[in-house]
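> For chain A, the structure is supplied; the task is to place chain B on it using the hints.
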Amino acid sequence: NAGVTQTPKFRILKIGQSMTLQCTQDMNHNYMYWYRQDPGMGLKLIYYSVGAGITDKGEVPNGYNVSRSTTEDFPLRLELAAPSQTSVYFCASTTLNDGTEAFFGQGTRLTVV
Amino acid sequence: AQTVTQSQPEMSVQEAETVTLSCTYDTSENNYYLFWYKQPPSRQMILVIRQEAYKQQNATENRFSVNFQKAAKSFSLKISDSQLGDTAMYFCAFMKHKGAGGSQGNLIFGKGTKLSVKP
Numbered sequence: 001n002a003g004v005t006q007t008p009k010f011r012i013l014k015i016g017q018s019m020t021l022q023c024t025q026d027m028n029h030n031y032m033y034w035y036r037q038d039p040g041m042g043l044k045l046i047y048y049s050v051g052a053g054i055t056d057k058g059e060v061p062n063g064y065n066v067s068r069s070t071t072e073d074f075p076l077r078l079e080l081a082a083p084s085q086t087s088v089y090f091c092a093s094t095t096l097n098d099g100t101e102a103f104f105g106q107g108t109r110l111t112v113v
Numbered sequence: 114a115q116t117v118t119q120s121q122p123e124m125s126v127q128e129a130e131t132v133t134l135s136c137t138y139d140t141s142e143n144n145y146y147l148f149w150y151k152q153p154p155s156r157q158m159i160l161v162i163r164q165e166a167y168k169q170q171n172a173t174e175n176r177f178s179v180n181f182q183k184a185a186k187s188f189s190l191k192i193s194d195s196q197l198g199d200t201a202m203y204f205c206a207f208m209k210h211k212g213a214g215g216s217q218g219n220l221i222f223g224k225g226t227k228l229s230v231k232p
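Going line by line, the protein sequences match chains A and B. The first sequence: position 90 = 90 (my numbering), numbered continuously. Here my numbering runs 113 ahead of the position in the second sequence, where the first position is 1.
Bound conformation, chain A alone (with noise of 0.2 Å):
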């Protein structure tokens, strides 16, 4: 049971590129998650699906697109990458049912130059 799966584990863009983070689970959880942790602070929430698709803004969407075409994926889209997205991005997964254990992949580390 590999969990939750984050690819890549590290990525250097420069300023205006694009690049896609991948995310899958193979717990069949309905809900998921992208958060991005910068220096210092706590994980802040970016997108979130309650569901195939179903995708809603979390605190901090601008700058990020997402998508979810099927229960285990849940890509996380930069358009136009800017210094300020340097940060390490997580993916994580729950079921909300009674437990409501939140799963996270290993995370990303992304930096804008």
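These are computed hints drawn from the structure, not numbers from a lab. Certain hints may be false.
[Unchecked claim] Calculated lysine-lysine pairs in the DSS-like style (CA-CA distance at most 25 Å, straight line):
hint: 1; chain 1: B; residue 1: Lys-186; chain 2: B; residue 2: Lys-227
hint: 2; chain 1: B; residue 1: Lys-227; chain 2: A; residue 2: Lys-44
hint: 3; chain 1: B; residue 1: Lys-231; chain 2: A; residue 2: Lys-44
hint: 4; chain 1: B; residue 1: Lys-211; chain 2: B; residue 2: Lys-224
hint: 5; chain 1: B; residue 1: Lys-191; chain 2: B; residue 2: Lys-231
hint: 6; chain 1: B; residue 1: Lys-224; chain 2: A; residue 2: Lys-57
hint: 7; chain 1: A; residue 1: Lys-44; chain 2: B; residue 2: Lys-186
hint: 8; chain 1: B; residue 1: Lys-183; chain 2: B; residue 2: Lys-168
hint: 9; chain 1: A; residue 1: Lys-9; chain 2: A; residue 2: Lys-57
hint: 10; chain 1: B; residue 1: Lys-211; chain 2: A; residue 2: Lys-44
hint: 11; chain 1: A; residue 1: Lys-44; chain 2: A; residue 2: Lys-14
hint: 12; chain 1: B; residue 1: Lys-224; chain 2: B; residue 2: Lys-186
hint: 13; chain 1: B; residue 1: Lys-224; chain 2: B; residue 2: Lys-191
hint: 14; chain 1: A; residue 1: Lys-44; chain 2: A; residue 2: Lys-9
hint: 15; chain 1: B; residue 1: Lys-168; chain 2: B; residue 2: Lys-186
hint: 16; chain 1: B; residue 1: Lys-183; chain 2: B; residue 2: Lys-211
hint: 17; chain 1: B; residue 1: Lys-191; chain 2: B; residue 2: Lys-227
hint: 18; chain 1: B; residue 1: Lys-224; chain 2: B; residue 2: Lys-183
hint: 19; chain 1: B; residue 1: Lys-191; chain 2: B; residue 2: Lys-168
hint: 20; chain 1: A; residue 1: Lys-44; chain 2: A; residue 2: Lys-57
hint: 21; chain 1: B; residue 1: Lys-224; chain 2: A; residue 2: Lys-9
hint: 22; chain 1: B; residue 1: Lys-211; chain 2: A; residue 2: Lys-57
hint: 23; chain 1: B; residue 1: Lys-211; chain 2: B; residue 2: Lys-168
hint: 24; chain 1: B; residue 1: Lys-227; chain 2: A; residue 2: Lys-9
Below, chain B alone, put in the same frame as chain A:
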């Protein structure tokens, strides 16, 4: 809106001793969950302990226990018999109960406390 505050940016403890990390939160909800997550240098977010707000009994998991004071909106983590492997960032987090209006299962995090366990 909910907020979570961790007032101790850094703490240190000697191996085998006990340390308490503080967390306060603000919410108008009555049903919710509180969590402590550990983030070692590997970056992995690891659930340490979970508390359901409607349960008065404090949660415990081996060497980890919480002091949950609902009226004071306080949720501290006690680590007993500290081990070198406990060195990590510790995040306190809040989540609305699934039955609460607008709950989407997302976590609201504090800024974290960096814990160093010294030999």
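> Could you tell me which of the numbered hints above are not met by this structure, giving the numbers in increasing order?
Structure breaks hint 3 only.
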